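Take a look at the letters that make up each chain.
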Amino acid sequence: MSSDWNSGVWPDWCPGCGNFGIFTALKGALSELGISREKMVLVSGIGCSGKIPHFVKVPGVHTLHGRAIPFATGIKVSNPDLKVIVHGGDGDLLGIGMGHLIAMGRRNPEILVVIHNNGVYGLTKGQASPTLQLGKKTKSLAFPNINSAVNPILLGIASGYTFLARSYAYNIEHLKACLKQGISHSGAGILEVIQPCPTWNNIVTMDWVEKNTYYLKDWDPVVKDDEDAVKKAQGIIGIEAGEKKALGIILTDRRKDPFGKRLASVYKRYATEPPAAQQVDKGGAPLSIDLEKTFHKFYIH
Amino acid sequence: MDLNFIIGGPQGGGIETAGLLAVKALAMHELEVFADREYHSNIKGKHSYSHIRASDERISSIKYPVDFVGALDVETIATHYKDLRPGGVLIHDAALLDKPITKLPPMEKERLERLRAELEVGNVGTTVKELDEWLERGGKVVLPFPFSRIITERAKLASPMIEKAMNTAIATVLLRGAGIPLDTIREAIDSLFMEKAEAKELNRAVASAVSDGFDEVSRTKEMGTRSAIGKVPARGKRMLVAGNDAVAIGKLIGGLRLQTYYPITPAADESFVIEQHSSLFDPEGELVGSPIVIQAEDEISAICMAIGGALTGVRAATCTSGPGFSLMVEGIGWAGMNEVPVVITYYQRGGPSTGLPTRHSQSDLLFATSSGHGEFARIVLASGSHEETLYDAVKCMNLAEKYQVPVIHLLDKGIANCVTAINPPTLGKIERGKRIGKGAWEYRRFAFGDDPVSPRAFLGEELMWYTGDEHDESGHISEDPENRRRMYEKRMSKKEKILREVPDEDKAVLFGDENFEDLLVTWGVTTGAALDALTELRATGSKIAVLQVRMMEPFPDGFLSKFLSKAKSVMALEANYIGQLAELIEWNTGFEVKNRILKYTGRLITQDEVVNAYMRIKGGEERVVLTGGE
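Taken in order, these protein sequences are the chains called W and F.
With this note's numbering, the residue at position 44 of the first sequence is 44, and numbering never jumps.
With this note's numbering, the residue at position 400 of the second sequence is 1400, and numbering never jumps.
Simulated from the structure, these hints should not be mistaken for lab results.
Treat the hints loosely; a few may be bogus.
[Stated by the list, open to error] In silico lysine-lysine, BS3-like type, Cα no more than 30 Å apart, as pairs: (1) W:217 with W:256; (2) W:39 with F:1490; (3) F:1507 with W:282; (4) W:293 with F:1429; (5) F:1156 with F:1221; (6) F:1566 with F:1507.
In this text, all values refer to a predicted model and were calculated from it rather than measured experimentally.
Whenever a hint applies, use it, and build me the whole structure from the sequences.
Structural data, given as structure tokens:
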């Protein structure tokens, strides 16, 4: 029951906000995945999307503007048992926090980043976000937008993400399926969610989405080998160059080691006892460390 | 005995290794050592040097003038010839004699102009040979040593290798001149090149060849007659560490499990050391701990990752210097708002902006104590010696978890890069603070109670929320004024709790006569120079004591007032322009700190400078600005 996943805090988004669709799909996905509640963490940035952890009945960490990814990475590397999901807006993740988005792709931690893409900075009254198209003028802008838009899917490929998908906030079933796949993926994922902002974005309306998106068919997102990876990348560039936005799973690449495995390759104990599982004391006393052995190079012999 | 010498040369020319070799050999000879490393923000070519001091008594600073200068190049001669004491010895390769002294492309033009003026006033001449003669006329000793010839003839090194071996060659002469036997020098080489067999052999051969040459050049005896080191009693096991090492060792034994960082001078070495020693073994050889180190994409990420780690119950820390700390401030505010135990090791360097990236400074005290918008409780602890730094690294993690606040371990470039010998640490205690067990009740992370510190559960254990917004007991956003007042007071009242509970010796330490008249207040690495000066001044009858302030936030005004009220005059000693500790004292206690001894050239405050400045203050000066060191 998805209502079991309500925290009881009143969601204070505007009526008709796309965040409601994401909220509903997320609760559905969490409930269907069957992960125990306290083993999940929703980490969010700042803005309307950043409030989502407060409304869901799983542990939530509502962080700083643009910084959800580093918080999430610190949580995940310390306790890999936790399922960590990042929620942020397009301004948060692709503007102020874009450096972290790229760095996360390079590391490939098992974290899904859900980009609530509404094209505007809603909570500050509708300024242009990094995904607003060049020349578009949403209702609160004085002039048409003079910056080009960034494409999070292409950015994801360039950064090394191993799961890429795009969905739509009001197609709950499709979004839920994408979330489930993304959360289950063993690596870094981006799920871009096209999210109408009925208050500030008078361009990306439900009607616009109907006319300007399509669902991917006959596209196999799973990378088979190195050669196929090149083909997939070229295919995705083609898809993204189209006039309409493709919805669906765009890339799944299981060939790259997730960050946890990379850490385990250099820290012997990591796979069996990651930081959160390690003792640091024995009843208030430090562990008995052989100082001379551990720090032998500092000893004056 | 009290020996000071400088070994200098072009960066990348093995100066750091030569300095370390010398310090190691002196320490192996059972001496107390303290060495400063000065270098440019440059990889190869610019001037760098180590100032090494050795004594049979405890020392914690460097001192001018020096007994020897060992120069690998002309720039070192030109930069340091004035640092020699009367009778002091300059050693350089005889091959440099005909070189011009003012054709020095790597030298900064301001320095070169000063040099030209000095040489002109002294009517010195234009070659190294002429400078040598001028020095000899002024009562100094110059030893143009045939290093190149000895290295090629006796160590059988091909001439392109001479440059590589010059550092060990000069260090060998300096050490032999100080009375260190060749065997000890070789032992130091073995220890330094433990893992590099080829380099070990090469350096051993060079040291032996140069040592033979040393015995044959008759004037080398003048070094020994002036600064001979006699027999020194054995001192038990000791460790040779820079401040970066001391912090790393402290963090490792204190239970650190996640270190995050972004490369920055002079902090990055600490993370290297943690990585290199991340396998912690017990006496049975079993791996008992294995912290991880993550190199973040920037300092914003470094602090946020560390906070994320801390939320899972892991002892987490990051380290940085001023520019990185500037980027971390927002994260630290979040940690303050969410009562997260996270440790930031903060090595100050010259600012503002990029400032003097590789040089010393204590100009971030007020920034560390008050950075961040809004008000929140934090602890700022400043260490004054390497040994204290190690123990404080453990204490900072304890304090962070006990009070659930961000803790800033405030250090400086001086501590970070100076090398000294310390006693191996005794393992202290680990305090993890209030924890909650698993239970059926509804957990509230920020539950109100008599104690402002709420029991902690870690992510993965209970339902909990965190937010940078003002929040209720569960961690959900709340703008309710009554909740705001209570939550604000919960966080801020930790300041009083901390002041009440932290032991006095972690707040401030008084050194010297209880019946002092003059109180010299200082902090950080400068404490060492103050203590060395204190010994010297008390021997001549000055009624002076040194008060080292350790806890900068919350500020221990009550405890400090006990000492301040007894002093006839209070003088602050610190490496910044305004006297930041003096300001903090005046602001918090109302006591006037009229006299301020300050230095902001980026170089360490030295023992001799403190003694002179004290005399000048006694002579009526209010503010003394120090300028020593190159």
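Evaluation of the provided hints:
{"no.": "1", "hint": "W:217 with W:256", "in the structure": "26 Å, holds"}
{"no.": "2", "hint": "W:39 with F:1490", "in the structure": "29 Å, holds"}
{"no.": "3", "hint": "F:1507 with W:282", "in the structure": "28 Å, holds"}
{"no.": "4", "hint": "W:293 with F:1429", "in the structure": "21 Å, holds"}
{"no.": "5", "hint": "F:1156 with F:1221", "in the structure": "26 Å, holds"}
{"no.": "6", "hint": "F:1566 with F:1507", "in the structure": "18 Å, holds"}
Every hint from the earlier list agrees with this structure, and none is contradicted.
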